[in-house]
Amino acid sequence: MSDEPENRAQSKMDQELVSQTLAGDDRAFEKLVEKYKKRVYYLAYRMTRDHDSADELAQESFVKAYQALKNFRQGYNFYTWIYRICVNLTINFLKHERHSVSADLLKEMDMLPEPSAGLDQLEQMIASEQAGIVRKAMDMLPPEQKAAFLLKTLDNMSYEQMSEVMGCSIGTIMSRLFRARQKLRKALRIAEMEKDNNDPGM
Amino acid sequence: MIQECKYKKRLQFYLDGWTKGDEARSIEEHLKQCAACQIELAELAELQGAASEIIDQAPEKEYWDSFTIRVRNRILSRNIAPEEIVENRPSSRFFSIRLAAISTTVLAAFVILMFVFNPAFTPSPPSTILPGSTLIRTQPPVNIDKTVGQEMAAAPVIQNNAAPSLNEKLETSNQNKISAPAKQKKAPRNLGSVPERDISREFRADQRWDKASPRLDDSPKFPAYALSPNGAISDPALRMKPSALSEGIMSSSDDQGGIAAVYHGPMYNYQSSPSSGAAIDLESELPSSWGYLRVPSDSSSNGESKKYLIELELMQIK
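So the protein sequences, as listed, match chains G and W. The first sequence: position 20 = 20 (my numbering), numbered continuously. The second sequence: position 179 = 179 (my numbering), numbered continuously.
For the record, the hints were derived by calculation from the structure and aren't laboratory data. Some hints here could point you the wrong way.
[Unchecked claim] Label-pair ranges, simulated between beta-carbon atoms:
(1) W:K61 / G:K186: 33 to 43 Å
(2) W:E28 / G:Q182: 15 to 25 Å
(3) G:K186 / W:G17: 23 to 33 Å
[Claimed, not checked] Beyond 12 Å from chain W on every Cβ pair, some chain G residues (computed):
(4) P5
(5) E6
(6) Q10
(7) S11
(8) K12
(9) Q15
(10) E16
(11) S61
(12) R135
(13) M140
(14) M193
(15) D196
(16) N197
(17) N198
Where is the CB? At the ideal position from N, CA and C, for every residue including glycine.
Produce the entire structure from the sequences given, and follow the hints as far as they go.
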């Protein structure tokens, strides 16, 4: 992705905007926010499935990026850099959230049959049945595995980019992806079996 | 009859476009004749398809229109300017990690005092490393407040304590902590609006710190000692390289209690003990394994916490 000429041009433009911001032009930073706000928000949203949390994490990612802008070196890709900030904030947020829920409760939630009612209802209705199952099962993945799966599946990142974004080796990325997929496929299989059991006449 | 095909595990890399050239061709050849792998690949693709069909609820247009302004206001309200906090170090990490409350105030103060005032201190023989051990390598204390130096100097009694009594104290304090119920849990939803977790405020404190203190690389190094949860000091040779951190993700819980911090990695695992005392703040501007040890003052001072620069390392589980 980063090797394509178009992306190289984008990256160069971003670096220019970073330089302008550092030179005192905050409008340049606003352009960067404008450019990446949706991607950053949706990354956080897909991780948390909660608008308020995603909003908070997305904004905080840009604030942190602004703070640390002098650490942004020539040759970095702003896109992977801001993603990295957001992924880390979100993973920490999710773990923090997990710890605030007791292990038993979490297990209980794990057992709950999907689909859930409430805010997600519309979402569930529109999405395909399988998509609903995967979405639900993703909530049970450890945040790192979830992030790896999302970056690969929805952002179509290369392993190299993912390793940059997640700050770990490609081997770790591979193993996270593998585990995430194993679990999600298992969820799909179980749902399939349950469906067969429930509709014996079909 | 059903034997796990050696290609099976490689199919995901093939699907992800990681496998190239001859290897990709050999997988393609294999796929033509292996039904099990065809099913495997189809299932992987099915999962991919299902995931891409997940609908994201799109926020209103007004939300997007105001997004940038809200980011700007947030920056302005915190009076932030781009700052390079640490030089001479690879800035390849942008972790914003807060590793909270890994030890008690007593433990933290002991560690610092012991290393700072008595660098020749010899640790007791290696003890069993329990899961959850952490290594703390200290740097000289950093004067955040002008009072720090005075307070350090005013505590000569502790410095003379030998290892056994140190262990005793640590054990006692840890027992107390473990039995203590977790205190007020914070609502996890609002990162920015919770004052204690306001990253920017700490950032500003760091800025002040940065000007007044030597750079990390110029600071004299002290040997690292492992502190297991029961306070035993283990062999410094067991310490891991900081780069081990890149293989895992660190996370934190709140400062108020419960499990404070967990590190997940392929080989290492770290879990801090519950505490209400000292906390470690790992800032994104510092190299990943460095942080500030925040030690709350006792009730006699104004409740301001002291910050010390430390290097945190993780212990491999035996």
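* Asked: Okay, which hints does this one fail, numbers in order?
  -> Of the numbered hints, 11 and 12 do not hold.
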